[in-house]
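S.K.: If you want the building blocks of each chain, they are given just below.
Protein chains: 4
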Amino acid sequence: MILVLEQDASREQVDRIVTMLEKKGVKVHYSKGVDKTILGLIGSKQTLSRLPVERFSGVEKVVHVSEPFKLAGRSFHPEPSRIRVGEVVIGGEDPVVIAGPCSVESREQILETARSVKKAGAGLLRGGAFKPRSSPYSFQGLGEEGLKLLAEAGEETGLPVISEVMDPENLDMVKEYVDVLQLGARNMQNFHLLKKVGRADKPVLLKRGLSATIEEWLMSAEYILNEGNPNVILCERGIRTFETHTRNTLDLSAVPVIKHLSHLPILVDPSHGTGKWRYVAPMSRAALAAGADGLMVEVHPDPESALSDGPQSLTLENFHSMMKELHQPAVGMQARQNA
Amino acid sequence: MILVLEQDASREQVDRIVTMLEKKGVKVHYSKGVDKTILGLIGSKQTLSRLPVERFSGVEKVVHVSEPFKLAGRSFHPEPSRIRVGEVVIGGEDPVVIAGPCSVESREQILETARSVKKAGAGLLRGGAFKPRSSPYSFQGLGEEGLKLLAEAGEETGLPVISEVMDPENLDMVKEYVDVLQLGARNMQNFHLLKKVGRADKPVLLKRGLSATIEEWLMSAEYILNEGNPNVILCERGIRTFETHTRNTLDLSAVPVIKHLSHLPILVDPSHGTGKWRYVAPMSRAALAAGADGLMVEVHPDPESALSDGPQSLTLENFHSMMKELHQPAVGMQARQNA
Amino acid sequence: MILVLEQDASREQVDRIVTMLEKKGVKVHYSKGVDKTILGLIGSKQTLSRLPVERFSGVEKVVHVSEPFKLAGRSFHPEPSRIRVGEVVIGGEDPVVIAGPCSVESREQILETARSVKKAGAGLLRGGAFKPRSSPYSFQGLGEEGLKLLAEAGEETGLPVISEVMDPENLDMVKEYVDVLQLGARNMQNFHLLKKVGRADKPVLLKRGLSATIEEWLMSAEYILNEGNPNVILCERGIRTFETHTRNTLDLSAVPVIKHLSHLPILVDPSHGTGKWRYVAPMSRAALAAGADGLMVEVHPDPESALSDGPQSLTLENFHSMMKELHQPAVGMQARQNA
Amino acid sequence: MILVLEQDASREQVDRIVTMLEKKGVKVHYSKGVDKTILGLIGSKQTLSRLPVERFSGVEKVVHVSEPFKLAGRSFHPEPSRIRVGEVVIGGEDPVVIAGPCSVESREQILETARSVKKAGAGLLRGGAFKPRSSPYSFQGLGEEGLKLLAEAGEETGLPVISEVMDPENLDMVKEYVDVLQLGARNMQNFHLLKKVGRADKPVLLKRGLSATIEEWLMSAEYILNEGNPNVILCERGIRTFETHTRNTLDLSAVPVIKHLSHLPILVDPSHGTGKWRYVAPMSRAALAAGADGLMVEVHPDPESALSDGPQSLTLENFHSMMKELHQPAVGMQARQNA
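Protein chains in written order, with this note's numbering: chain A, 70 to 408; chain B, 70 to 408; chain C, 70 to 408; chain D, 70 to 408.
Simulated from the structure, these hints should not be mistaken for laboratory data. Any given hint could turn out to be false.
Note: identical chains are not told apart, hence a pair may lie in one copy or across any two.
What the hints assert, rightly or not - Only pairs whose alpha carbons sit at most 27 Å apart, straight line, appear in this in silico DSSO-like list of lysine-lysine:
id, residue 1, residue 2
1, Lys-187, Lys-393
2, Lys-139, Lys-101
3, Lys-345, Lys-93
4, Lys-345, Lys-114
5, Lys-139, Lys-105
6, Lys-264, Lys-187
7, Lys-130, Lys-96
8, Lys-130, Lys-114
Bound-form chain A, shown alone (with noise of 0.2 Å):
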């Protein structure tokens, strides 16, 4: 860690910063520039976190060196993570992809769709059963009658499950339907949910906040990997940005980074990343190309009449055509000119 002192830090003020951390057991390294003042500051990653340095009087900014994360980073755990769930691994060297409704609706509306997909090529089924709305107006979800219709499919096709819990009161009954927990945008920042989570023996789908910076949502893996629950699935969903005509800016680079800085499987939602149907196959392809470990996309019979996020959702027809695009040895150069 780095200190930038303030051009006008007085030599008390040195003194005093420097005393307070050599009391901690901070080793540091004193070097005055030609403008500036900077002191780094050695010591356990465990030491530093807890250092209250950036309201020392006298500093004028504070540089983080390492990593905030310890857990969720490579340098921890060189190897990739593979997460299983059922005979599906998330993180090995096939892909894997998440589909179904946004919402549960009916048993014939998810168990169409489950075997539509299950068909397809799909490795898991979502559906929603509690469902974050903007409005208190709008559909919020069939609750645990959603949750017991999803688990019902899933057991005829074989497919594990994932559902979201939007709400730690929920935990214990979510969990005892589905394969894997979900925490929504919304939630990325529920610090109590992550905890509670982090203590369920199941894995987490972790999405990203629409508004969070990569290293938080790596910090909010953190909290549930430092609770003991090693299997957290990122999700990359979109983040909010001034462009409008999608209803998010789906930010593929997240992918290589996350690859880069943690060992975590990353998936990528391009139905919710895009708003729209007719983006979620490019965007599909243009994912796995990244990296992603697969992807988590929204499939409704009937998207005209679906109860949320219509229009961002395939027809069973789209989905099916889109999986044999995606199985195909298509992208690259090459390819295109042979095409």
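On the provided structure of chain A, position chains B, C and D as indicated by the hints.
M.R.: For chains B, C and D alone, kept in the frame of chain A given last:
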């Protein structure tokens, strides 16, 4: 509500949409332009908000003509809401200042702060007991012990107290100790929590989310109002942008915008908004000049040793001199000329 | 075009607006809803775009139903545009790679790079001679001398060359040396320059502005097309967001969006998009997978001594291995399974 | 300047960097921490700014300890700059208001406005003659004719005038007619134009770019100062964010930040900042309360028929009542209590 149809929408698609809408009791105005066809939908806000129009095949764009909030809107409630907390009125003639430390750290710290800010003219005492922190390794607050100390300091000084509730499971406990429940920026769309505080019998201070639009913010207020709690106080605390010199970008325009759209009172938190104590006083003056109903300011007897958010906290002295200045008939062109 | 009127718009205001519009030859559809009154305006894009409707008293919101661009739009020109530069076609079946250093620094540097990228399969050679730099103290490019060296390297290798024109006064000179004129992100709304290159007889590569929406970007292309130059190539190079790990946020969704809205070809610049050489190869693969017509990549024989943008430049070796990889029929699910 | 090395930087890499730096006359402090090695570089700002350190192999991060601007900074020039335009001083005790229409449209329009704003207390008259417009089909200004009318109105009323220069080729012409040269947001990084106005003998008003950081803005001022023109006036006019209710997000915190970092005066443009006339008065009050040296406000005798930016223009009456209010010793807590 207006539907703009895709240029190549077929006769059948249009007919299907119109039939579907009329069945739901919606009147449809059909209008064919040079390039595009548009449908004007006329019906109650309730009915319209439940239509899955965005997923209708052939629809390119949906334009919402009415605001999506009702209870929070000016048309529903033309007079500004005044919220009474003890002897203080938020939303009345006099701006109200909420002051206190980011976190309650000890009896001495909170008592000393309470006495001092009371003397300087603060109307409420703030102090965090449960702290949302990006890192699991940072100080997370004293918990219930912190609330007890806060309540004690409130009682001694006669200041009503406010503290953040982060978690539905703790709501009952927090409610016992505080006069106003605070919902933090990260929880602005924690819908379960919104509903729960909507059923509580205490006023709620709702901070704007880091990347929430003003409309989304009012929709979150709508969640609380819709559960029966009319006492919602909004608090602008800065949004996330590309600018890095300040911790957030304090969006003071939100003040007149909220005053135009809603009857709810709005406070401004320049401490989180700027992240640097140096900018707290000028932005406090600006907030009041923009029409804010008050301020929420972090004050600490010894910011250098604060366990959280020290760099943005005012010392007791700084707070006193700011309050003195705010009480002077100071700002405006003539005033400055004479100063 | 649709006008949503203010809730309290008076009968007189409405009449005045309608009269004014009808005088201009616009047909008006009047539609009174429960809360709001809306007016549908029917007329040619030309006529409508010149109406000062947003300032009419009583108008709350104006909704543009048609896209504001015409020449750049798909409806005007349904077939994708193919732009020929020497023997290379941009927008055809084969993706095209533009490669070369950020700045031309010396004859050796540009010649060595040109020979190497040619061998690796690049289609055009890039090299800056006039560099936009945030600081007046940074290297600003070799100027005309740089253009000469670039042209020489192009001639020797047979690669067409591209370089940025920053200033209308230099346009004639730059045009002498290059095959494609580049307009940088900071000049995307330098309207004078847009008009001038619109009258030039060379193709123009138009980079997206740091905070430009896709619609604004297409409107800037419209400026060029409107002056008579049909050869506009778009280039996505990342937008500015709150994320700091990457230099910009590469918005790959812009690729399918542009393909949907426009007939113009689109390239992607992953070097500026990410700012780090490490992420250039995966984002290049992703860009092609998303459907980009090619890439623009910074390559330098010795990035460490580069006078600008070294951290995002590939070495010659890195570029060769990336190109080799891009030529393999690589990405897709099956492909990865077999790899 | 500080270099943070990559964790796996080799002994040779470090030696190579140190040798390279010492050859350039830079003193290097070597400091080995638990995880990372850091190098502190000591040398003149000039020398350091020219080092291609970011490209050195083995360097992970470069931390700039000193501000990159010198001439614009407070340390170079501790006293605030006062810029005299005719009899008006910008940056002195009294706030200055620049008022006038977005575009000069006719002699009557500009004369009527000039007389009216003069009477209300405006210090300068604004009026655009060359207008940057997103669409090539929108009104682009009257050109030189507009400048003539503006100059005439200025002469008649005794108000100095300001107008935007968009294009280096027009600079000499614009300079003939105006007292202050305006550089628009879209040209904040038009470096050629910055240099040219830096050699002009007229004060320059430099608007902040739509997505420019405060540091980049000051670097653009540095370009002008570095060419010898000391008379730079900054103008905050809103930045681009995700919020759509206002046209831009007016970043009033920029006012105290600029006051802290720089000696240059800063104005605020609430018309572009909010895009809606309704919010201009409260944000004007807030800007002055934050410490701005003045305002730039759009005023039009008939905003409904304005050829550009009508929705954000005040009528003459609105401007008068705003100015009257701004001259009253109005804002502050006590003041409000008595109001």
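S.K.: Tell me, which hint numbers fail for this structure?
M.R.: 6
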